[in-house]
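Asker: Single-letter residue listing:
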Amino acid sequence: MKKVILLLTVVILASCSVIPRTEVAGSVDLNNLEPLPTPEGYEAVPLRVAIAAVISPKGTLESYSPFLKYLETKLNRPVELIQRRTYLEINDLVERGEVDIAFVCTSAYVQGHDTFGMELLVAPQVNGETTYNSLLIVPTHSSAQSMSDLRGKVFAFTDPISLSGRVYPTYVVQQLGFKPEEFFARTFFTYSHDEAIRAVASGIADGAAVDSLVFEFGLDRDPSLRDKVRVIHTSPDFGIPPVVVSPFTRPQVKAELQALLLGMADDPAAQKALTAIEIDRFVLIDDSAYDGVRALMSDIPIPETP
Amino acid sequence: MIFQELIRRFWDFAGAVSVRTKILGIVLGLVALFGVAATIQARYAMTATLTAQLEEQSISVSRDLAARATDPILLNDLLRLHDLLDETLANNPNVRYAFLVDPHGQVIANTFEGGFPLDLLALNSVQPNDHHHTALIQTDDGLVWDTAVPILDGKVGTARIGLSDASMHSAVSTLTVQFILIILLVSATGILVAVFLTWILTRPILSLVHATQAVAKGDFSPRVKRWANDEIGDLAEAFNNMTEELARTDELRRERESLRRQLLEKVIATQEDERRRIARELHDSTSQNLTSLIVGLRTMETTCSQCAALTKAIDLRQVASKTLEEVHDLSMRLRPRVLDDLGLAAALERLASEWQARYKIPVDVAIQLSERLPSEVETAIYRIVQETLTNVARHAQAKSASILVERRSDLVRAIVEDDGVGFEVNTNHGEPHLGLLGMCERAELLNGTLTIESVPEHGTSVFIEIPLRSPLPAGEGTGVREKPA
Numbered sequence: 029m030k031k032v033i034l035l036l037t038v039v040i041l042a043s044c045s046v047i048p049r050t051e052v053a054g055s056v057d058l059n060n061l062e063p064l065p066t067p068e069g070y071e072a073v074p075l076r077v078a079i080a081a082v083i084s085p086k087g088t089l090e091s092y093s094p095f096l097k098y099l100e101t102k103l104n105r106p107v108e109l110i111q112r113r114t115y116l117e118i119n120d121l122v123e124r125g126e127v128d129i130a131f132v133c134t135s136a137y138v139q140g141h142d143t144f145g146m147e148l149l150v151a152p153q154v155n156g157e158t159t160y161n162s163l164l165i166v167p168t169h170s171s172a173q174s175m176s177d178l179r180g181k182v183f184a185f186t187d188p189i190s191l192s193g194r195v196y197p198t199y200v201v202q203q204l205g206f207k208p209e210e211f212f213a214r215t216f217f218t219y220s221h222d223e224a225i226r227a228v229a230s231g232i233a234d235g236a237a238v239d240s241l242v243f244e245f246g247l248d249r250d251p252s253l254r255d256k257v258r259v260i261h262t263s264p265d266f267g268i269p270p271v272v273v274s275p276f277t278r279p280q281v282k283a284e285l286q287a288l289l290l291g292m293a294d295d296p297a298a299q300k301a302l303t304a305i306e307i308d309r310f311v312l313i314d315d316s317a318y319d320g321v322r323a324l325m326s327d328i329p330i331p332e333t334p
Numbered sequence: 011m012i013f014q015e016l017i018r019r020f021w022d023f024a025g026a027v028s029v030r031t032k033i034l035g036i037v038l039g040l041v042a043l044f045g046v047a048a049t050i051q052a053r054y055a056m057t058a059t060l061t062a063q064l065e066e067q068s069i070s071v072s073r074d075l076a077a078r079a080t081d082p083i084l085l086n087d088l089l090r091l092h093d094l095l096d097e098t099l100a101n102n103p104n105v106r107y108a109f110l111v112d113p114h115g116q117v118i119a120n121t122f123e124g125g126f127p128l129d130l131l132a133l134n135s136v137q138p139n140d141h142h143h144t145a146l147i148q149t150d151d152g153l154v155w156d157t158a159v160p161i162l163d164g165k166v167g168t169a170r171i172g173l174s175d176a177s178m179h180s181a182v183s184t185l186t187v188q189f190i191l192i193i194l195l196v197s198a199t200g201i202l203v204a205v206f207l208t209w210i211l212t213r214p215i216l217s218l219v220h221a222t223q224a225v226a227k228g229d230f231s232p233r234v235k236r237w238a239n240d241e242i243g244d245l246a247e248a249f250n251n252m253t254e255e256l257a258r259t260d261e262l263r264r265e266r267e268s269l270r271r272q273l274l275e276k277v278i279a280t281q282e283d284e285r286r287r288i289a290r291e292l293h294d295s296t297s298q299n300l301t302s303l304i305v306g307l308r309t310m311e312t313t314c315s316q317c318a319a320l321t322k323a324i325d326l327r328q329v330a331s332k333t334l335e336e337v338h339d340l341s342m343r344l345r346p347r348v349l350d351d352l353g354l355a356a357a358l359e360r361l362a363s364e365w366q367a368r369y370k371i372p373v374d375v376a377i378q379l380s381e382r383l384p385s386e387v388e389t390a391i392y393r394i395v396q397e398t399l400t401n402v403a404r405h406a407q408a409k410s411a412s413i414l415v416e417r418r419s420d421l422v423r424a425i426v427e428d429d430g431v432g433f434e435v436n437t438n439h440g441e442p443h444l445g446l447l448g449m450c451e452r453a454e455l456l457n458g459t460l461t462i463e464s465v466p467e468h469g470t471s472v473f474i475e476i477p478l479r480s481p482l483p484a485g486e487g488t489g490v491r492e493k494p495a
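Taken in order, these protein sequences are the chains called X and D. Okay, so the first sequence: first residue is 29 according to the working numbering, each after it adds one. Okay, so the second sequence: first residue is 11 according to the working numbering, each after it adds one.
Just chain X, with the same shape it has in the complex (with noise of 0.2 Å):
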């Protein structure tokens, strides 16, 4: 009787060892390598917009994206966006004409006006004023009143040929009698302004130069950081980051292009595209805005590398 016991013992304990298992969703061959296919082309050729990590890319997909669906629907044709770590790759994007639209930095407009013709198409205009500053942001805590008190520091630059972010304070740094690798203890690039502001918020560095719109619109996004950061200088105005079209985009999709940019202001299904990215409108803008800098940066070499 005893075996009997057992013997059914194991054939229950048999059965408890069926594993419940999920459903086998289907077979698949991983030793059966096949070529890619070439991706199937658009149905249309797309708008390829490049927009310069002024902010993360994360940051920059969130925010752009409204726009870009704008352009999208006006333009009803699609519209891919292309990213890149730094202004210098935007650049030679650019250049190539690999990009038919670009939103670029100061600097970076006038490195690629004056190396190889890139055009201005349009300017935002926020708060009415189609110039931005570059602001010294350090941490809350902090005794730095202005530049000089962050001697022997760790400094956070943005991008290698970003205005606001490292060609004006090495400018700065470079009225005090220093250079930037002998002034600060230790410097490194962020390649985007948020993440500046971050690393100052942090404390992970002791200051950055960070994009005055950058730093508002951060503010706007996380309120936290007002009590994490402050501004200790403030640049002269300097000409607004432009929105530029390669020497090889078409005239007619240039002139479009404008037309349509310019336009949104007045259109009330733009009005949620423009505040993403808070602009106010979108305005005509002339080479000459940007003559300052230009003058700025003629004493401030940019590096081929960061």
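Read the hints as simulated data drawn from the structure, not as lab findings. Warning: the hint list may mix true and false statements.
Stated by the list, open to error - Under the rule of at most 20 Å between Cα atoms (straight-line distance), these lysine to aspartate or glutamate pairs were calculated in the DMTMM-like manner: (1) X:Lys97 x X:Glu284; (2) D:Lys165 x X:Glu100; (3) D:Lys370 x D:Glu427; (4) X:Lys282 x X:Asp265; (5) X:Lys86 x D:Asp112; (6) X:Lys86 x D:Glu427; (7) X:Lys86 x D:Asp140; (8) X:Lys97 x X:Asp294; (9) X:Lys97 x D:Asp163; (10) D:Lys165 x X:Glu90; (11) D:Lys276 x D:Glu265; (12) D:Lys227 x D:Glu254; (13) X:Lys86 x D:Asp163; (14) X:Lys86 x D:Asp74; (15) X:Lys97 x D:Asp112; (16) D:Lys165 x X:Asp319.
With chain X held as given, fit chain D onto it using these hints.
Answerer: Okay, now just chain D, sitting in the frame of chain X:
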């Protein structure tokens, strides 16, 4: 009922093997049952746990990959993406593959080298708002947990990770092998323990068996050692008590038997002596007197020829002659002098011829004896043959009979056969024929044997074998002593 039938079959098998095998079977059976049950349960538990872990790991790895791949995808940093995938593959040995798909379904980067299994793309997908979606996929390398995680709500694409369950299976296999090894080890120990247990258990039983066999052979001396204070110990003690009792009874029986034998010998010896005395008396005295009477009567016949008493005298002489014959015959049957004077051969031949004459049944006599036998042997054989012939005459309705006596090196054998109706030997066992019993007793008193073979309608054979020069059993009497006449 099938259950009872199963139990019966099991018992047919289990009952046929030795206690050693039974104990071994119990030990090994229990170890095997427990081991198998434990193995199955452990495999089940481990597989379930590892499967859950695998699914968890699949989700966490792919979410990690999705988070880390966002910027490189947005920046079109393919090198970094490949590094990222390679790192994912290197840091998670379970990861069979990893790849990234853009929102259009194009593969941006993957860990397959030199191509891509295109069928894989459609097997799993995830909605932009979902946390993740895991599917189980059957591949040629085994089952794979495929988890898809949307990158930045699907705007940037999807990260896909496939976790192979091969390592889980190998872990489970290793566990199983370990369990089986443990079972084998425990079984080996179990065999040793069982052998020891068997030895402990069967040692007293075997000694009981040996002692019983000795007792069966009549040897009451062995005593069984009481190994333990258990039931078997009690049995050993009971056995010892029984053996002692048996030994006492046997001693008593032997004494009685010896006494009986002595008595029997005495009776037979006395009987033979008495017969011999009467026979001699009849021969020496009565026969002489009768002969004198006959001679006197004959003289009277010649002298008194006209006498009226002549007829009477003739009648009387005839009566006397007949009486003399009868006395002769009686004397002969009581104790033939020829047996004492000339030996067994002559006595048997004479017995046969007289028997043949009397009953008209031919008797074939074949006697091969080179010398005289001890007188008690001669007497015994003579008496047995005599009794046998009497039985043949009375019951067998035989047409012929034969007597064979021969001497082998150390025994004498006699065979008396007839072709009569025979009888069922065994039926006489319940109520043994006194004559046959007497024959057996005579043979046994001389340590001989008497065997009767008979088949109804096919005659009867009586075999007598009596050893010569064999010492008499210890404590026995002096045996039958025949005094020569």
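Asker: Give a verdict on every hint.
Answerer: Taking the hints in turn, this is what the structure says about them:
{"no.": "1", "hint": "X:Lys97 x X:Glu284", "in the structure": "holds, 17 Å"}
{"no.": "2", "hint": "D:Lys165 x X:Glu100", "in the structure": "holds, 15 Å"}
{"no.": "3", "hint": "D:Lys370 x D:Glu427", "in the structure": "holds, 16 Å"}
{"no.": "4", "hint": "X:Lys282 x X:Asp265", "in the structure": "violated, 28 Å"}
{"no.": "5", "hint": "X:Lys86 x D:Asp112", "in the structure": "holds, 15 Å"}
{"no.": "6", "hint": "X:Lys86 x D:Glu427", "in the structure": "violated, 129 Å"}
{"no.": "7", "hint": "X:Lys86 x D:Asp140", "in the structure": "holds, 19 Å"}
{"no.": "8", "hint": "X:Lys97 x X:Asp294", "in the structure": "holds, 17 Å"}
{"no.": "9", "hint": "X:Lys97 x D:Asp163", "in the structure": "holds, 16 Å"}
{"no.": "10", "hint": "D:Lys165 x X:Glu90", "in the structure": "holds, 9 Å"}
{"no.": "11", "hint": "D:Lys276 x D:Glu265", "in the structure": "holds, 16 Å"}
{"no.": "12", "hint": "D:Lys227 x D:Glu254", "in the structure": "holds, 15 Å"}
{"no.": "13", "hint": "X:Lys86 x D:Asp163", "in the structure": "holds, 11 Å"}
{"no.": "14", "hint": "X:Lys86 x D:Asp74", "in the structure": "holds, 16 Å"}
{"no.": "15", "hint": "X:Lys97 x D:Asp112", "in the structure": "holds, 18 Å"}
{"no.": "16", "hint": "D:Lys165 x X:Asp319", "in the structure": "violated, 39 Å"}
Hint violations for this structure: numbers 4, 6, 16, all remaining hints satisfied.
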